[in-house]
Amino acid sequence: MPLLFSLTLFCSAFLLFQVQPMVGKMLLPKLGGTPAVWNTCMVFFQAALLLGYAYAHALSKWLGSRRGSVVHLAVMILPALVLPIAIGDDAFRSAAASNHPVLVILGQLSAGVGLPFFVLSTTAPLLQRWFSDTGHPAARDPYFLYAASNVGSMVALLGYPLVVEPVLPLDGQSWYWMWGYAVFAALVAACAATLWRNRTPAPEGTAAPEPERAADPLNWPRRLRWVFLSFVPSSLLLGCTTYISTDLAPIPLMWVVPLALYLLTFILVFAKRPPIPHHLASRVLPIAVLALVLQVLMVATQFRGLPFWVLPLIHLFTFFVVALVGHGELAKDRPAPEHLTEFYLWMSVGGVLGGVFNALVAPVVFQHTGLTEYPLALVLGCLLRPRGKNADGTPQQTNVWDVVLPAALCVGTVGLLLLTRALDMEPGPARNGIAFGLPCVIAFTFVDRVPRYALAVAALFVAGAVNTNQDRLTLERNFFGVVAVVNARSDDGSHFRQMIHGNTLHGQMRVDATDADGRHEPLTYYYRTGPVGTAMLAWQKSRPPGATVGVIGLGTGSLAYYARPGDSWTFYEIDPTVERLASDPRYFSFLAECRAADSKVVLGDAYLRLQEVPPGTFDFLVLDAFSSDSIPVHLLTREALALYRSRMKPGGVMAFHISNRYLNLRPILAKLAEDAGMEVRGWRDMATDEEKKQGKSESEWAVLADREADLAPIVRPRGPGAIADPRWEKMASQPNTPLWTNNFSNLLSAFLHD
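In this note's numbering, the protein residues as written are 231 to 984.
The hints are simulated quantities; they were obtained by calculation from the structure and are not laboratory data. You may find that some hints are simply not true.
[To be verified] Keeping only pairs whose Cα atoms sit at most 27 Å apart, straight-line, the calculated DSS-like set for lysine-lysine is:
| hint | residue 1 | residue 2 |
| --- | --- | --- |
| 1 | K771 | K960 |
| 2 | K879 | K922 |
| 3 | K879 | K771 |
| 4 | K879 | K960 |
| 5 | K879 | K830 |
| 6 | K960 | K923 |
[Stated by the list, open to error] Simulated restraints, written as ranges between beta carbons of each label pair:
| hint | residue 1 | residue 2 | range |
| --- | --- | --- | --- |
| 7 | P314 | A637 | 53 to 63 Å |
| 8 | A316 | V397 | 12 to 22 Å |
| 9 | T918 | P880 | 32 to 42 Å |
| 10 | P965 | G389 | 18 to 28 Å |
Beta carbons: idealized from backbone N, C-alpha and C, even for Gly.
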């Protein structure tokens, strides 16, 4: 019997975790990657999950398990009305034309996927409640079944990018998901039949041991504690994922690892015999947090030379321990089975609040302070540990010293930091050891008092704000992430100004040098002697002024340098913060110095904005949206290339920036060009040491056109009979290179291709 219920919960969670990325891929090409779209999707799925848990609680409370199972079997038939899942183009057009697109998107999601998602979200609490009424010896503590549910979630989480996405197109995924739902419905029916056949309560002598605090009164302080215990790991999950994927290791699909660890903690703590003792995790937590605090506060350059995985490992381990303690406290405080559905409902409330706080609230509240929610969640994580006891065995009570001592630690840390600066100590291990190592040791002496230790960690983070980059001019945050403008100097003293997102450089300008006309020259990937600079200058020699140029991806606006008097240039940028910073002459001058007769920046997702442009508009189109480590896949598909091509004038040229630290996009783009019957050439540019000092970066670019003759001005800049520039190599795909479309794409192929 437990096997049947475990298998059903596994299947439910597996389908639940598969449908979310599948629907996301359906939405992305039509609605774009703006925060409004993703936040709307997140709110929808979170609300549907919470509604499912509320339904499970109400059904069990008002009708009981057996009568409720009859109602639920009827409800499970309803998703057949919308399967297989599909969201048609009419829905997207309605959203684009509406004055309230968020409401339209919510409506279409509700109609297209709402019913099956809602039914699946009810399964975990309902089936555990049913099992508790079967009379099985383990029915007195059915929470071990929750581990099976999380195993299903983890398998789906890892299986989608590794197995499903590389093998099945979207329509195939939808059909396989429909048959999976049919199997799931049959399993639930079998569970309901088992429930009705087994009406005898479990014998007292064979009952499984009840939860530690099952008999405690179910009051509001206890309910709010459940919310808090689930809120902190949920918030920390998103904070840790964002920090690692932007500041430490911005590797595509990196988000899978923290989420897998999050699910693993549920599996461990709700197991019949947890393999990691809760008291051990509680003792490790303050040590792990303090190690992470020390790493965050110390200047990142002190860790150069270490393998790239060391720093992410510190954060992942700390997150795992904090989540293990928080979820372990939940498992210890689980109520008797008659309150099971309410327990999961409040757990869901905490999880939803954590997600909403990080995704919707934090970008607004912490607009100028960066990822503040991450250290905040770490501080709250220190409060998850059970409170210590006094010598007489009574619980410790908070006193004034729990506030005064951490405040003194904060002041003392700031004083030490200012002292090291006054003594002109060079940044390095010695300075950081004095300024932060000693305070961390003092903070650890507070470990036996939970509130005092948590406030001490908060004090260290506050003091660490003094140690921020003194060369940072501004920092702004929105729903796309954190963008900073900083001053930097090369080894020879040259003064540069950079735009940085996490640890990805999005362009820079040399402040103390200009060309003969007093204009700042483009640097990094847009250097005059680099691929795009060479291509643009060579192409312009064959075309008189008056060309129409489009650029997808603004950055600092470096490419505006190449605009000629009489040209018309249009930049497409999805992030309004990037547009504002690039347009501000206090930071960057490229747009202000643009010589085009007409230049403008259009905000929004380029895939949607280009659909508003008349066909045959552009002579030259630059696509510079793929150098980030989180690439917009919907801009690199057969349909996207067809859109770009339709907006080009006869003889027009497209230039793709395909530099990427982790993905090899060359064969993907070559496959698209071959499918479209277009000519394509690529250039991998390696900057010399001298060029790097001048601000040039290594880059890879590709140029595409309908005919080879259209690329001749670039590939053969000396004339039709001249030898081709050997740096522009003919690109070709491999036999197993997939063709990316709106219906099929997978990042794994870009990882594996040479």
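Here's how the hints hold up against the structure:
Among the hinted pairs, K771 with K960 is consistent with the structure: their alpha-carbon atoms are about 22 Å apart, no more than 27 Å. Note on K879 and K922: the hinted pairing is violated, with a Cα-Cα distance of about 36 Å set against a maximum of 27 Å. Simply put, K879 and K771 have alpha-carbon atoms about 18 Å apart, close enough for the 27 Å limit, and the pair holds. Taking the CA atoms of K879 and K960, the gap is near 23 Å; set against the 27 Å cutoff, the hint holds.
At roughly 20 Å between alpha-carbon atoms, K879 and K830 fall within 27 Å of each other, so this suggested pair holds. For the given pair, K960 sits about 30 Å from K923 by alpha-carbon distance, which is inconsistent with the 27 Å threshold. Distance hint check for P314 and A637: the Cβ-Cβ separation is about 59 Å, which falls inside the suggested range of 53 to 63 Å. Against the hinted window of 12 to 22 Å, the Cβ-Cβ separation of A316 and V397 comes to about 19 Å, which satisfies the hint.
About 38 Å separates the C-beta atoms of T918 and P880, a value consistent with the hinted range of 32 to 42 Å. Between P965 and G389 the beta carbon distance is about 26 Å. The supplied range of 18 to 28 Å therefore holds.
In the structure shown, a violation is registered for the earlier hints numbered 2 and 6, in ascending order.
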